[in-house]
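Chains A and B are the protein sequences, given in the same order.
Residues 1 to 261, numbered by our numbering, are exactly what the first sequence covers, in order.
Residues 1001 to 1277, numbered by our numbering, are exactly what the second sequence covers, in order.
Hints listed in this document are in silico derivations from the structure and should not be mistaken for laboratory results.
Each hint can be trusted.
Only pairs whose alpha carbons sit at most 27 Å apart, straight line, appear in this in silico DSSO-like list of lysine-lysine: (1) B:Lys-1035 with B:Lys-1218; (2) A:Lys-27 with A:Lys-211; (3) B:Lys-1035 with A:Lys-92; (4) B:Lys-1218 with B:Lys-1036; (5) B:Lys-1081 with B:Lys-1036; (6) B:Lys-1270 with A:Lys-92; (7) B:Lys-1036 with B:Lys-1217; (8) B:Lys-1217 with B:Lys-1035; (9) B:Lys-1218 with A:Lys-92; (10) B:Lys-1217 with A:Lys-92; (11) B:Lys-1036 with A:Lys-92; (12) B:Lys-1035 with B:Lys-1081; (13) B:Lys-1081 with A:Lys-92.
From the structure, some residues in chain A lie toward chain B, with a derived Cβ separation under 7 Å: (14) Leu-57; (15) Leu-59; (16) Arg-78; (17) Tyr-83; (18) Pro-85; (19) Phe-94; (20) Ile-96; (21) Met-104; (22) Met-107; (23) Val-108; (24) Gly-109; (25) Gly-112; (26) Leu-114; (27) His-115; (28) Gln-141.
All C-beta atoms, glycine included, are put in the ideal place defined by N, C-alpha and C.
Here are the chains, one letter per residue:
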Amino acid sequence: MKTTKSSDYAIDIQHLSVRYGTIYALKDINLQIEYGDFVGIIGPNGGGKSTLLKSILGLVTPVSGHISVLDVTPQQGRSQVGYVPQATNINKQFPISVREAVLMGRMVGNSGFLHRYNREDQDIVQNYLQRLEIADLADRQIGQLSGGQLQRVLIARALVVLPQILLLDEPTASLDAHSSSQIYEILQGLNQDVTIVIVTHDTLAVSSYLKTIACINQTLYYHGDPDLSSDLVMQLYGCPVELIAHGVPHRVLGDHNHGGA
Amino acid sequence: MISAILNYSFLQHALWAALLASIACGIMGTIIIEKKLVMMSGGIAHTAFGGIGLGYFLQIEPIIGALFFSISSALGIAAIKRNSSTNPDVLVGMFWPLGMALGILFISFTPGYPPDMTSYLFGDILTVSKSDLWFMLILDILIISAVSVFINLIGAYLFDEEFSTALGLNMRFTDYMTFVLIAITVVVIIRVIGIILILALLCVPPTIARMFTYNLKKMMMLSILLGVAFCLTGLWVSYTLQLASGAAIVIVSVLAYTLISAWQYARNRKLAQNSPM
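Chain A extracted, bound-state conformation (with noise of 0.2 Å):
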């Protein structure tokens, strides 16, 4: 199916390094992202995850290496990918329906002159609304739904686009866990047909969700199970922190000395 120039992952990065100023938010990554993977990005705040979808996007300029979304560069890739930016970059005032804020992402690579949507984006975004169970909210306004709600309208604007990838970013960081398994859930699903890459915090889905994991904190310092000792913890973060082992939902590993996780 593939010619044999073309490289055998879904996205491969290489010596990728990206500057805000003269601080360095990513430092010579190497990261190669199978086809079906589903990938969670951990690290520490400020430690350059966003920084990395955005960059697998195209949205952020690295100033040296290369990355390949899909064998061609991020801003050839972008009408491949879904991307599920944080909750609180949303504005929830804002006066647009659940129904209009999915059909946006139908306008995937679009002039924009002239666009109107048709019956055939209709479709599409009634379909995604049904499997994600928000179609009987349509027509709700934006701000009138829980975070969990919102979360899967999110979700939805970025599937209505039809990727290969799905990118999220922090998709369960102010839910509850009972929402947070929900959105996991669904996410295993859609896994069937497409790679994900997630940035989280959220250590409940380490062990029990994602197949691989990859630690971030201004270069890669792992990228594999999702098995994490506790020493590669420590160098990540610096200190020890709420981390979850296999099948032992909130085991504390090491002391904290630092008070509240």
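With chain A held as given, fit chain B onto it using these hints.
This is chain B only, laid out in the frame that chain A set:
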């Protein structure tokens, strides 16, 4: 007043001016408040003063100078905002007085008696001429055309610029277009309400409209109607009480906002008390 409207062409002109200004304000005001560009628009409006001064200095129609100045400054601000890390707020703080300063400078260079600037600063809907109306109409058509052609793109720009960029939509173009349309809107309404009072007519109608609808297009329509209502009421107040028209329109608008907000607040409280929760 009705017979006066039929008899005096300056009152007929005032009515048309109110309608044309409200169309521009309703559409662009909605965009401005949703994108939080209120102060930016104030800045662009005040740079237009520089253009008016230039118009007097070069002996050309001041409003043409205003159009030229406000579009150039809008493009300049948009470019600097996109390509530098300077806080947009600070940019406004520089452009705003710079435009005024240039205006004062040009007028002081203009030979002869200094022209009366009050009608540009505070507006005078009763002195709008026929050629002013044609000019406003052309600019309105420009705004309506651009916004209806690119309505979905503008919606995407207002709601989530980052996601829209990730979709491959041209947000740089949309940004520049929006700024140019703001500049054009400023020029449409200068004659009606004046540079200094412009923000009221841009902010108040969409802010009230937003309380009654969650749909962007309906919000624009409702804002236009509200703008017309405020302008006409203001015009009537100014005509009967012999007040400055621009000031009357602003006071009527802000008063309407205050009353409607108070009514909403009271209604919400009542609803909260009556609900069994």
